[in-house]
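Visitor: Taken in order, these protein sequences are the chains called L and Y.
Quick note: the first sequence uses UniProt numbering, first residue 1, plus one each step.
Quick note: the second sequence uses UniProt numbering, first residue 1, plus one each step.
Misleading hints may appear alongside valid ones.
If the Cβ cut is set under 10 Å, some of the chain Y residues that face chain L in the computed set are [stated by the list, open to error]: (1) Ile8; (2) Leu26; (3) Leu36; (4) Val38; (5) Glu40; (6) Glu41; (7) Pro63; (8) Asn105; (9) Thr108.
In silico DSSO-like pairs for lysine-lysine, Cα to Cα no more than 30 Å straight-line [what the hints assert, rightly or not]: (10) L:Lys490 to Y:Lys125; (11) Y:Lys27 to L:Lys491; (12) L:Lys374 to L:Lys349; (13) L:Lys103 to L:Lys33; (14) Y:Lys10 to Y:Lys68; (15) L:Lys374 to Y:Lys27; (16) L:Lys328 to Y:Lys68.
None of these hints come from the bench; they were simulated from the model.
Note that beta-carbon positions come from the ideal geometry of N, C-alpha and C, so glycine has one too.
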Amino acid sequence: MSVPDYMQCAEDHQTVLVVVQPVGIVPEDQFFKIYKRIASVSQVSIRDSQRLLYIRYRHHYLPENNEWGDFQTHRKVVGLIAITTCNSAKEWPQTAERFHGQKEVYSSTLYDSRLLVFGLQGEIAEQQRTDVAFYPSFEDCSDVEKRVEDFVESIFIVLESKRLDRATDKSGDKIPLLCVPFEKKDFVGLDTDSRHYKKRCQGRMRKHVGDLCLQAGMLQDALVHYHMAVELLRGVNDFLWLGAALEGLCSASVIFHYPGGTAGKTIGRKPSISQAADAGKRHRPGALTANGISADTSTEIGRAKNCLSPEDIIEKYKEAISYYGKYKNAGVIELEACVKAVRVLAIQKRAREASEFLQNAVYINLGQLSEEEKIQRYSILSELYELIGFHRKSAFFKRVAAMQCVAPTIPEPGWRACYKLLLETLPGYSLSLDPKDFSKGTHRGWAAVQMRLLHELVYASRRMGNPGLSVRHLSFLLQTMLDFLSDQEKKEVTQSLENYTSKCPGGMEVITLPDGLKLPPVPFTKLPIVRSVKLLNLPVSLRPHKVKGLLGQNISTASPFIYSPIIMHNRGDERCKKIDFQWVQGDVCEVQLMVYNPMPYELRVENMGLLTSGVEFESLPAALSLPAESGLYPVTLVGVPRTAGNITVNGYHTSVFGVTSDCLLESLPNVKTSGCLVEVIPSLPRLQLSTSLPRSAHTPQSKEELSSSVSVQLFNGETQQLTITLENIGSEDIESLELTSKIVNTKEKVFGEFLSWDLEDAVSHLPLKPGQAVTLTVCIKVKLDFSGQENLLQDLNDDGISVTGLPISSPLRQVLKPRPETKSVGEAEGNSGKPFHILEAVLNFKYSGGTGKVEGYYRELSLGVHVDVEPSVFFTRVSTLPATSTRQCHLLLDIFNPTEHELTVSAKNNQDLVLHASECQRMAIQVDKFDFESLPQPDQETVRFANPKQLEEERQHAQGCQINSKLGICWREASVEGVLNQLVLEHLQLAPLQWDVLVNGKPCDCDVIAECKVGDAVTLEVKLTNMSKNSVGPLALTVVPYQDFQNGVQNYDLEDAVTFIGSNTFHIDTVQPKESSVCVGALLFLYTGDFYLNIKFQDDSAGRELPLAWFTLPSVHVRALDTLLQAGA
Amino acid sequence: MAVCIAVIAKENYPLYIRSVPTQNELKFHYTVHTSLDVVEEKISAVGKALGDQRELYLGLLYPTEDYKVYGYVTNSKVKFVIVVDSSNTSLRDNEIRSMFRKLHNSFTDVMCNPFHNPGDPIQSKAFDGIVSGMMVQTG
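Sequences are here, hints too, so could you generate the full structure?
Guide: Pasting the structure below:
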């Protein structure tokens, strides 16, 4: 006996062995169908008794093993069921012959046999034979089970008779010596009459009877017999049989303790009692008699005494195995006993002791084993280890079994079997072939052994001739074990991977093995490692903007509340967070990845592109080559969305070492992203801009980014035309175009419109088809404040109202500062070192078209305009001289030409003034004083909303304009706005206190001579109208008459010539704003002549705080005429 | 003395493994790896019975033809495994115990290093030295 049955378990001891074999030609599938049906009859309850007979079926059994049947009766083939086909009566004798031949093989042990004949019909089939059953076909054989049951019952009858026969003939003849095959020669010539020999015979027979009892379902009897056998055999040191008796004792105890069986997998082993009752009822209703019950009670007696406790079972097994161990030829018995003991221990959950049995089993030498047997043995060891929960050990043996399949001694290595076994070891090494299990957290399991296993899987699958599998396993190895591979190994693995992929490129499909195992794809997320994914906005000029104010733009649909303090936090959804910029359909968009190469050599990544969803997306793959152990390396992946909607960047795909991988971001926990969802809006046109002016490197320091910028150098006050050509380079029509400008550099005060244009012409060309262009002219006008250049100026302060450093374009300069201070400020501004002033502005083109326009989007193109402004003319000094009339004055301007060119300055009513380079000349202009009060007041609305400062600025700006229009100073074509400071303004402005002097009711001014008659009283009326905001007065005026001899001599001694009627002093009471006050006096001229009246204020007048200029009264010229003359005329 | 000494993390992956015949290291990997079955079995058996009060030293895990495998489990479930040559009969249980104790002390020192990240393979030189002292001197 050399082939162990590893599937054996303790309860097999109570079974009878029936061999089911095909005879002649039987189709295999049909045979196994019938075999299965036969095997379903695994336990039969015997009529008239409570006993159950268990049957073990085998379709293959070595006759060699049968020879051990005396040793353990369950090894004995007691029944044979032959299955055959027979199509005609002619074949019948031959078939019957064969059946008999088959019977011969097991003849020595056979109790009974049956032949099942399929296909035969007719005469022969009609005859009733107990040992042969005829069925017309494999389908039509409904009573096979019934037949088998009958067969089993007949076996039982033989068994029972044998049992009784053996059990009773104690005193009879000589008891034969039962022996195992290898013992036979040992007993030759032994004294059969010795006591020792007899005892041995008795003991062995006892044991044999125990076996029979056990098979016949008499457990308690069996136990008793076994106990006796043990006693007997121990006495004669018959160790092999002692072991067998002990094992029988164990088996019986196990059957008693564990009615569910120890094999675990054994199907259909139902609890015996219920089965018995069930079966009994089915066959013979009411057959359950007192007989059965009494049998039952009898078993109760002595149970405790004879049955082994669970602990004892193991002890006895140990003992039995140690006895078996003494015999080399009993290796199979020992091994099987070990296996049985392990199964029992597994039930008892005593894994450690079980492992000791297994450990022992490993070392049992069965002599020369065939490779197949070795594989079987290792597999079964693996299974048993699995059974006791030793998964690693189990995996180890499975792997050994796998290796055995392809041992070099085997002429045809079974790579398939090897591969299959290797796959089964995976759980034991806590290795799953799903890379997702490795992407989270730390590596699990024992890397060194896992790596080894993967290498073996790769090799086995390659030898199986499935390169796809090897690529998958190798990819998995590289992906999950990267951290544990040495540099050399990395190199080797990648090289072999490249070798394999050259034949069979690796992909992303799931590989399904024939046995149903699915190998998920292995994306190379570590080759290269991606650290961050960032979706990039479009370039500034291509970014779409939403037309504001459209309904429903900011209405959140997330909550029904207008406001809620509860913020909807969706931490998990961060990846799905929508990014607040848009991509445009049809325009190339970019995603930036930060990658690095963990390999010790250069990594070539091919066909790297984006994986997206939501929108039809044309990915434009890139190839890159990353240097060894590179740091973070930016890679930009591009693509073009082809439709509008929300696009989600799910990941990227690569092709490395011939393996294409789709790496999804959601399975990469270490990747930083700022969101992957972007809205793609419908397509918009694209505009290209070219200008007549050269492009410049200067870009206005603006918050927004500019698409381009131009620069030009201009004199202050100059105007330049800028021609802008706009070309549609997109694929959509441009349907709308808007242009706005913004001055960027707010430090400089720009006067007038810096940039002006007429869009009408360009707009008339719309819609602009792709490829078409339109031109637009923009006027650049520079009028700048050139203050702070007073170091050029000379102090010509001779009349007290001259102002230095006068800004020529600064009506807004509000505060008149003392000179030194102004100077320091000028220096602080640092303009002295800078020859030019810089003026910058941004032209913004908003355009839209196509479907994007329908959705309310537009694009912006901005052009920066950079102007270096050179100084042109300066007003170095401004002063006024009073003119003859109080309502007029002379404005004196010192004009300086700082340029290197000659220039002409013209003013209203004046000659042109030619200034040579760096020349300074004075220009005088007579101007009427201004009545600023007459300027239109800003309406109430604006007053309410504007702050006082703005109002003031506005007012002053208006004043500036008025002055400018009156003066009309021109330089070249540009009008120079002569702008004056507050002080000059005071002189140019009409005083708010308006004095009117009336002589004889007629108003009089400097140039008007009032005439009166000598001797007549002349009424002198002084009227003060208060236009200012404050009340004025009280004031005292003294009228002093004098005569001017026109030679510089003035005669104030006129007491004889002029008398006052009443006082020569007038008193004016407080005059409220907007009111007027009149005081009237009278004069009497005694002689004819020209007289002047000088109206003076007395010192105590309250006008101290008011400007002196407000109190200038016109001097009155009175010509007194002779009355006679008058009368004569 | 020992032919292989291994430290295994709570999650059953090796933190440290060193064997003397370095050319066949994988064999020891397998030996130690499979010994974990027994370790787990022993821990679970003891855990049920006595709760926290358990002996750290697990004794002989299993004998193989050539080697004897001894185990030791710290309270934080870090396992130490020492493999000794079967032929070395002079080694007594007490000596094995003291080896484990030494190993545990050294391991504790490694864990006390603020720069050591628990769960990372042990690269301490001091620990290496202790282990070397316990290994069979080859040559």
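Visitor: If a hint holds in the structure, say so; if it doesn't, say that too.
Guide: These are the hints, each one checked on the structure:
1. Hint on Y:Ile8 holds. Least Cβ distance to chain L is approximately 8 Å, under the 10 Å limit.
2. Using the Cβ-Cβ criterion of 10 Å, the hint placing Y:Leu26 at the interface with chain L is satisfied: the shortest such distance is roughly 6 Å.
3. The criterion of a C-beta within 10 Å of any C-beta in chain L is met by Y:Leu36, whose closest approach is roughly 6 Å, and the hint holds.
4. Residue-level restraint check for Y:Val38 holds (minimum Cβ-Cβ distance to chain L is 7 Å; threshold 10 Å).
5. Residue-level restraint check for Y:Glu40 holds (minimum Cβ-Cβ distance to chain L is 8 Å; threshold 10 Å).
6. Given the 10 Å rule on beta carbons, the hint for Y:Glu41 holds: about 5 Å separates it from the nearest Cβ of chain L.
7. For Y:Pro63, the shortest C-beta to C-beta distance to chain L is roughly 8 Å, which falls under 10 Å, so the interface hint holds.
8. Among the interface hints, the one on Y:Asn105 is violated; its C-beta lies about 25 Å from the nearest C-beta in chain L, farther than the 10 Å criterion.
9. Interface restraint check: Y:Thr108 against chain L, minimum CB-CB distance 22 Å, threshold 10 Å, status violated.
10. Simply put, L:Lys490 and Y:Lys125 have alpha-carbon atoms about 27 Å apart, close enough for the 30 Å limit, and the pair holds.
11. About 24 Å separates the Cα atoms of Y:Lys27 and L:Lys491, which keeps this hinted pair within 30 Å; it holds.
12. Annotation: proposed proximity of L:Lys374 to L:Lys349 holds, straight-line Cα distance about 27 Å (limit 30 Å).
13. Straight-line distance between C-alpha atoms of L:Lys103 and L:Lys33 comes to about 22 Å, which keeps the hinted pair within the 30 Å bound.
14. The suggested pairing of Y:Lys10 with Y:Lys68 holds, with an alpha-carbon distance near 22 Å, which does not exceed 30 Å.
15. Distance restraint check for L:Lys374 and Y:Lys27: the Cα-Cα separation of roughly 20 Å lies within the 30 Å cut-off, and the hinted pair is therefore satisfied.
16. At roughly 26 Å between alpha-carbon atoms, L:Lys328 and Y:Lys68 fall within 30 Å of each other, so this suggested pair holds.
In this structure, the earlier hints numbered 8, 9 are contradicted, and the remaining ones agree with it.
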